[in-house]
Amino acid sequence: MNKMLCYSVFRSLVYALTIVYVLFLGAILESDSSSYINLSIIATPGYPSFLFFFKKVFGQSSFQMHVVITQLLINILIILYVVKVFKRVFDITRFLLIGLDLVLLSPLLIPSLLVANRITTEALAYPIFILIIVLFLRGFLEQSQRYLIYCCIAVFFGLLVRTQLFFILPVFVIILLYQLYKTRRFKLFGIPLFLVLLIPILVSLVDKSFHFAVHNQFENTSNTGVQVAMIPFFVADREDYKVFEEKKVQDYYKYLYDNAVQVKMLDEYYTPKYGDNVYHYFHDNYATLSYGVLSLKGREFLHPMSPESVDAIIENDKLLTSMVIPLFFQNFSKCVDLYFKNVIHAFRGMYSFLFYLILLIGSLVFWLKASNKIAFFTAFVACITFSNIALVCLVEHSLDRYMFYHQWMLPVLLILMLNEISKRLSHTSASEN
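If you count by the working numbering, then the sequence shown holds residues 348 to 780, one letter each, in order.
I should point out that these hints are in silico values taken from the structure, not numbers from a laboratory.
None of these values were measured; they are calculated from a predicted model.
Among the clues, some could well be false.
[To be verified] Derived CB-CB ranges, DEER-like:
id: 1; residue 1: Phe405; residue 2: Asn624; range: 32 to 40 Å
id: 2; residue 1: Ser680; residue 2: Ser769; range: 49 to 57 Å
id: 3; residue 1: Asp379; residue 2: Pro458; range: 15 to 23 Å
id: 4; residue 1: Arg531; residue 2: Val610; range: 55 to 63 Å
id: 5; residue 1: Ser653; residue 2: Leu370; range: 37 to 45 Å
id: 6; residue 1: Ile366; residue 2: Lys434; range: 15 to 23 Å
id: 7; residue 1: Ser551; residue 2: Ser653; range: 39 to 47 Å
id: 8; residue 1: Lys716; residue 2: Pro758; range: 22 to 30 Å
[Claimed, not checked] When the alpha-carbon atoms are kept at most 20 Å apart in a straight line, the in silico SDA-like pairs for lysine to any residue are as follows:
id: 9; residue 1: Lys431; residue 2: Ser355
id: 10; residue 1: Lys434; residue 2: Phe723
id: 11; residue 1: Lys716; residue 2: Ser355
id: 12; residue 1: Lys431; residue 2: Ile445
id: 13; residue 1: Lys601; residue 2: Lys611
id: 14; residue 1: Lys589; residue 2: Val608
id: 15; residue 1: Lys434; residue 2: Pro758
id: 16; residue 1: Lys720; residue 2: Gly709
id: 17; residue 1: Lys594; residue 2: Leu666
We put the beta carbon where it would ideally sit given N, CA and C, even for glycine.
Start from the sequences, fold in the hints, and give me the full structure.
In structure tokens form, the structure reads like this:
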């Protein structure tokens, strides 16, 4: 009884201190917070709609703290549910359960993240993501169609909040296809598979409808072009304008290139340093090239009288998107090299990359042979990690704010393994007695 009381008190203290810490820090605005607050065309509809509700209810001057309180509440409630599911599925001991609490709460406490405090999409995307993971685990391991459908609903809302969560879909599709092929149980796995494939279409429709209602433009969120053009443009040469046929596109490219030269934001200006590579130059100057050149200068070229208009943003986004494939193949080896360096940086080094690769292959083999729950979770963790990094590194530099979605999984895996060792040692000790 004393052990149970100590566990309850300590766990309550962990959550209480988290609440006090988050409330003490208050709301934190980032450079992109204004795009969500002002319902920008470059922001997906989920989070701006969430903020819009609070602005209407509490007013422009005081809504931010109410947002933080709500974000904190959502994060804590979902974390409590996630911990409950992990305890149910993997039978985790109380002592290790507190470790699970701390791991899942860490994005709320780490200074570089503070997801509940920041007026950014991470505040909702993180809890929705971990909810998606446990709903899928529960649906898969318990063979429950209901939880798989709940998972699909969570994915739908997650993508409306943050399109980065698209990296989940390929993993789900592969697993569901394999299970459908293996079991021939269409009702259990086929219907969720159909929903997973339908989700991007529904999200796009809602996205376009939102921007039509707000901006009178039936267009998807217009921020993709700036992101996907970064690597091909960074490694390009001035003479690459010749790959485009239209004179307007050629002039547009030369204008952007000349502006990038002025601020020295191209790979040709990288000077090799010990223990360094060209990726770090790309990483350090990403914002200057993406926003300062591709976005700002691109809009100025296309709409010199109204570069901040919705029309300018949309046209610039579409033009940059159309340039990606020609530039990519024109500088194929450079693009692939920079992309791979981005991936390795996201893994924090080659050894970590190889570790995850071995983890993926080993756990897949073990799961396919033994159908072990921890082996499945391990393979699932590795697949999610590779999928997230592969997607992010195509369009962004590998910052922690894009990687923390999967980083909690490895400590959780360690907890599950320690729990398994603890149970086996207890069983062995009981047998000897």
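Structure-based check of each hint:
no.: 1; hint: Phe405 / Asn624: 32 to 40 Å; in the structure: violated, 48 Å
no.: 2; hint: Ser680 / Ser769: 49 to 57 Å; in the structure: holds, 50 Å
no.: 3; hint: Asp379 / Pro458: 15 to 23 Å; in the structure: holds, 19 Å
no.: 4; hint: Arg531 / Val610: 55 to 63 Å; in the structure: holds, 59 Å
no.: 5; hint: Ser653 / Leu370: 37 to 45 Å; in the structure: holds, 42 Å
no.: 6; hint: Ile366 / Lys434: 15 to 23 Å; in the structure: holds, 22 Å
no.: 7; hint: Ser551 / Ser653: 39 to 47 Å; in the structure: violated, 27 Å
no.: 8; hint: Lys716 / Pro758: 22 to 30 Å; in the structure: holds, 26 Å
no.: 9; hint: Lys431 / Ser355; in the structure: holds, 14 Å
no.: 10; hint: Lys434 / Phe723; in the structure: holds, 16 Å
no.: 11; hint: Lys716 / Ser355; in the structure: violated, 39 Å
no.: 12; hint: Lys431 / Ile445; in the structure: holds, 11 Å
no.: 13; hint: Lys601 / Lys611; in the structure: holds, 15 Å
no.: 14; hint: Lys589 / Val608; in the structure: holds, 18 Å
no.: 15; hint: Lys434 / Pro758; in the structure: holds, 15 Å
no.: 16; hint: Lys720 / Gly709; in the structure: holds, 14 Å
no.: 17; hint: Lys594 / Leu666; in the structure: holds, 13 Å
Hints 1, 7, 11 from the earlier list are contradicted by this structure; the remaining hints agree with it.
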